[in-house]
Amino acid sequence: MTTKLRCVSSAMLLFLVSLFCVPFTVAQDETARKLKGLDERYSQSLVQVRYRQQVARSTAEPPDEDELTTTGVIVSPQGIVMVSAIVYEPFNQVPHGVGIRFPASVNRAVARIADARIRLMDGTEYAATHLGRDPEADVAFFRIEADDREFVPVVFGAETSASVGERVVVVSLLPEPLGPAVAVELSRVQAITASPQAGYMVATGAADPVGSLVVSLDGELIGYVDALTVAVPDTRSRNPLAFLTVMRDLPKGIGRGYARPARDFVDASVRESEAEPARRGWLGVEMQALSDELATHMGLPVKQGILLGYVYRNSPAEAAGLEVGDVLVELDGEPVDVSREEDIGVFAEQVLRAGVGANLELGYLRDGVSATTTAYLDPAPRSAREAETVKADQLDLTVREITYDFLATRFLEPEQKGVVVVKPPVAVSSNPNRVSPGDLLLRVDDQPVDDLDAFRAVVATIRERQPDEVVLFVERGFESFFFAVKPDWN
Amino acid sequence: MGNRYAARVPLILIVAFTVISGPGSAQTLQEQILEARDRVTPALVNVQPITDVYSSGERRSATGVGSGFIFDEDGHVITNYHVAGKAKRLIITLSNKQRVPGVVVGEDPLTDIAVLKLELGPDQVLPRPVALGDSDSLAVGEYVMALGSPLALQRSLSFGVVSSKDRYLSDTFKLPTGEKTGSFNTWIQTDAAINPGNSGGPLVNLEGYVVGVNARGAFGASSIGFAIPINIVKEVAAELIRTGHVSRSWLGLTFQPREELAQYFESESVPGVVIRSVEPDSPAGRVGIQAGDMLLAYRGEGTSAQFTEELPELYKRIADTPIGEDVAVAVSRGEDVLQFTLTTEERGQSSSDEMECESWGFTARGITRELALEFSLPDSTGVIVAGVIPNGAGFRARLFPGDRIVAIEDEPVANLDDLKVMYRRYDDSQKDAVLLTVMRRHSRRWVLIEASYDD
Chain V
1 MTTKLRCVSS AMLLFLVSLF CVPFTVAQDE TARKLKGLDE RYSQSLVQVR
51 YRQQVARSTA EPPDEDELTT TGVIVSPQGI VMVSAIVYEP FNQVPHGVGI
101 RFPASVNRAV ARIADARIRL MDGTEYAATH LGRDPEADVA FFRIEADDRE
151 FVPVVFGAET SASVGERVVV VSLLPEPLGP AVAVELSRVQ AITASPQAGY
201 MVATGAADPV GSLVVSLDGE LIGYVDALTV AVPDTRSRNP LAFLTVMRDL
251 PKGIGRGYAR PARDFVDASV RESEAEPARR GWLGVEMQAL SDELATHMGL
301 PVKQGILLGY VYRNSPAEAA GLEVGDVLVE LDGEPVDVSR EEDIGVFAEQ
351 VLRAGVGANL ELGYLRDGVS ATTTAYLDPA PRSAREAETV KADQLDLTVR
401 EITYDFLATR FLEPEQKGVV VVKPPVAVSS NPNRVSPGDL LLRVDDQPVD
451 DLDAFRAVVA TIRERQPDEV VLFVERGFES FFFAVKPDWN
Chain P
491 MGNRYAARVP LILIVAFTVI SGPGSAQTLQ EQILEARDRV TPALVNVQPI
541 TDVYSSGERR SATGVGSGFI FDEDGHVITN YHVAGKAKRL IITLSNKQRV
591 PGVVVGEDPL TDIAVLKLEL GPDQVLPRPV ALGDSDSLAV GEYVMALGSP
641 LALQRSLSFG VVSSKDRYLS DTFKLPTGEK TGSFNTWIQT DAAINPGNSG
691 GPLVNLEGYV VGVNARGAFG ASSIGFAIPI NIVKEVAAEL IRTGHVSRSW
741 LGLTFQPREE LAQYFESESV PGVVIRSVEP DSPAGRVGIQ AGDMLLAYRG
791 EGTSAQFTEE LPELYKRIAD TPIGEDVAVA VSRGEDVLQF TLTTEERGQS
841 SSDEMECESW GFTARGITRE LALEFSLPDS TGVIVAGVIP NGAGFRARLF
891 PGDRIVAIED EPVANLDDLK VMYRRYDDSQ KDAVLLTVMR RHSRRWVLIE
941 ASYDD
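Line order of the protein sequences matches chains V and P.
Just so we're aligned, residue 1 is where the first sequence starts under this note's numbering, counting upward by one.
Just so we're aligned, residue 491 is where the second sequence starts under this note's numbering, counting upward by one.
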């Protein structure tokens with residue numbers, strides 16, 4: 001019987017209690033000086049990973065879905081994030097709200113990961129791509145979808161070791177609603193286990209969240225909390241007092257965090273960081289299948305192909321000179337074999353697989369005349385669903401960047417400035433004009449909000465000034481209005 | 491316990507009635523009510539409109555019930571737009587229970603008013619019309635009664651007081667038929683019971699003058715009803731009789747009261763109205779007025795709106811300006827005061843029609859500004875597919891509600907009139923397949939409809 005505990009509140013409570021119990025009588029000594037700043041240093045690398053877990057228990061019914069969070073750690077400047085393989089295991093919610101992890105063999109189901117989002121301690125949030133599992137290190141990797149940002153990774157030391165009784169620091173992430181914040185706890189290596197792999201450290205007396213880091217007093221990363229033991233009610237027993245101590249292949253224990261030595265993760269993190277990210281290619285068109293009937297009715301000299309219903313601005317298709325109404329008939333010398341809507345996926349797959357940087361030779365018909373062009377595939381831009389968001393807690397407002405699909409569906413020019421409202425503030429007044437999701441936020445007080453950076457800057461100045469009222473200027477179609485928000489400074 | 495209360499009720503009533511017959515008035519309240527009732531009741535009518543309703547891609551006939559009142563010697567009847575607007579046929583029942591056909595003379599969704607005309611037979615006599623009062627001189631607390639056909643219970647009377655006389659119902663409020671209403675007037679609120687079917691009936695004061703047109707109740711509440719003040723009804727009705735419609739000027743401006751934004755505009759004491767939005771392609775947009783400017787003066791007269799209920803008066807002032815007139819507008823922008831001259835334009839239709847394309851299996855609706863805003867459309871070109879019959883021709887061709895038809899066989903469809911003409915042409919020629927070009931959000935789609943014609 002095994003389990004690893006995710007960021008769950010009961011564990012957090014234990015953890016908090018333990019924080020207060022640590023006798024910090026060493027405030028002036030060297031250790032304290034060394035500890036100082038550790039939270040800041042690691043706050044740049046610890047992230048909160050939110051993901052949707054889908055568990056298909058049978059093919060007959062739709063998969064169960066659950067939105068979950070766990071702690072991740074950035075391992076490369078390009079934004080590769082490592083998390084425990086716990087994300088793949090079906091998550092069972094027991095009555096007391098304690099999440100336990102059963103091995104896949106128990107549930108006969110393996111979870112799929114979707115719609116991952118990663119939140120940094122500075123409040124920024126990004127869409128993330130699930131890269132897969134590294135079976136050797138038994139961890140999962142994600143990539144943060146941000147082109148223009150360099151991240152601060154942790155480095156797993158290959159030469160590090162620890163001995164029983166050594167003082168170490170456990171750096172963990174307090175999840176919401178307690179955090180997000182980085183917590184630092186002074187601890188000792190309590191034991192070094194022999195199973196399942198030599199070198200497992202019993203790091204702390206409390207249950208640290210999976211994903212916590214074990215750091216030497218010099219600030220060097222020496223371990224990664226990969227499992228913990230905790231007692232949970234046995235929901236499969238009729239005896240309400242039956243407790244399971246669940247933890248995979250490890251000696252029994254209650255409420256202990258188990259860390260694996262850093263060296264176990266060196267190879268996996270390097271491998272993943274150095275892998276060339278294969279990015280989806282993007283042509284930038286909306287497509288419709290050309291049926292035989294449609295082709296005949298339109299008097300076209302072909303019987304199949306793809307009608308272009310929209311060409312996105314600044315897309316490879318636009319650069320290649322394609323226009324709405326063109327009919328794609330050839331891709332790299334092969335006929336485009338599409339006559340039903342269902343077949344379009346095949347063509348889309350070909351474009352995706354060609355990848356960024358590929359040149360597609362496209363044959364097309366315009367007003368019945370054949371022509372050819374070459375499209376140079378760009379990386380797919382982020383769509384509204386994958387957009388970066390920023391949350392301004394005091395304003396009770398979340399916004400996202402303007403994306404290419406937002407521009408198209410709202411008939412806006414590529415130069416359009418502003419940010420898009422994701423979660424509007426609650427109206428406290430009788431103002432009939434309510435901010436709604438999808439509204440375009442153009443100004444906060446007198447400050448133009450041209451993009452997410454501008455929004456962050458404005459929010460930062462507001463945080464300094466702490467005004468009792470902030471006025472948003474919002475646009476919806478050809479209407480606009482002002483909306484007063486009373487920020488919450490508590 | 492119960493007995494004690496039962497005994498007390500008549501006593502309270504009696505006390506109330508005696509107090510109300512004020513000093514100097516020879517009549518009791520009861521006598522006044524009865525007299526006012528007798529002055530209005532003959533002119534009271536019950537309106538049964540027969541309208542087309544469109545649902546799931548089909549047209550059906552439907553009937554409703556509302557109230558109205560005869561207000562001139564020509565047999566004109568005032569009722570609500572949401573009662574009789576767009577009616578194909580009207581059955582009007584007079585207070586003497588005679589049934590009379592009628593026609594719609596004109597309708598105005600923006601004030602929710604429609605004017606009908608009775609088509610009396612040679613041996614039918616027009617009942618005595620009501621007398622119209624002055625809604626501006628109403629006082630909060632003044633006695634009023636509502637007459638009409640609540641829940642089709644004809645010639646019902648309810649009694650209460652004016653609860654408020656300048657209630658502003660949000661300008662985002664819509665009629666059951668989807669049009670915006672109420673931008674140009676505040677409302678009389680009354681606790682005289684107003685129920686469905688009262689719509690279009692008169693709100694009458696104790697002298698027997700009509701002071702309002704009962705228009706709506708409040709869902710989930712009781713004793714809260716709203717009437718359109720008769721003064722605005724008089725203006726609208728006169729114009730409807732004269733021209734068949736109400737024309738209004740438009741500048742492309744909307745406003746917001748200062749009350750919630752006083753800090754931001756630092757304007758607690760200064761006059762002016764916050765300009766909330768400026769349509770780019772409008773008289774105001776073209777001269778460079780911007781959202782966030784403060785309107786200081788319109789046609790030389792100062793403007794101010796601290797509270798929402800002050801807005802209708804300003805909207806009405808703009809709407810009442812002759813169309814095509816050059817008007818002087820002063821706005822402040824930061825420290826500067828800017829002067830502009832704008833040429834007013836006629837405000838577009840706020841209501842659109844719907845039609846059925848039976849052999850193509852869908853219904854379509856004209857695009858108004860409101861609809862364009864709702865669907866995030868760049869302009870009002872084309873027609874919107876409102877409903878698609880399940881398994882009909884449009885359905886099989888994968889046409890969807892919300893699609894905007896912009897062309898048929900490459901011939902542009904600019905509006906509903908174009909569609910009517912073209913549909914009739916294709917329907918007459920019984921063409922088997924027709925190619926529609928539609929916009930689905932931003933993307934163009936080609937929809938080949940295999941029409942199914944009934945013999």
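I should point out that these hints are in silico values taken from the structure, not numbers from a laboratory.
Mixed in with the good hints, there may be bad ones.
Covered stretches of chain P (in silico footprint by chain V; criterion: 3 or more residues with CB under 8 Å from a CB of chain V, positions within the stretch not fixed) [as the list claims (entries may be wrong)]:
hint, segment
1, 590–602
2, 744–753
3, 765–773
4, 860–873
In this text, a Cβ means the ideal position worked out from N, Cα and C, and glycines have one as well.
Right, here's what the structure says about each hint:
With a threshold of 8 Å between beta carbons, the proposed coverage of the segment 590–602 of chain P by chain V is violated, since 0 of its residues qualify and at least three are required. Using a Cβ-Cβ cut-off of 8 Å, 5 residues of the segment 744–753 of chain P lie near chain V, which meets the minimum of three, so the contact claim holds. Using a Cβ-Cβ cut-off of 8 Å, 5 residues of the segment 765–773 of chain P lie near chain V, which meets the minimum of three, so the contact claim holds. Only residues whose C-beta sits within less than 8 Å of a C-beta in chain V count toward coverage, and the segment 860–873 of chain P has 5 of them, enough to reach three; the restraint holds.
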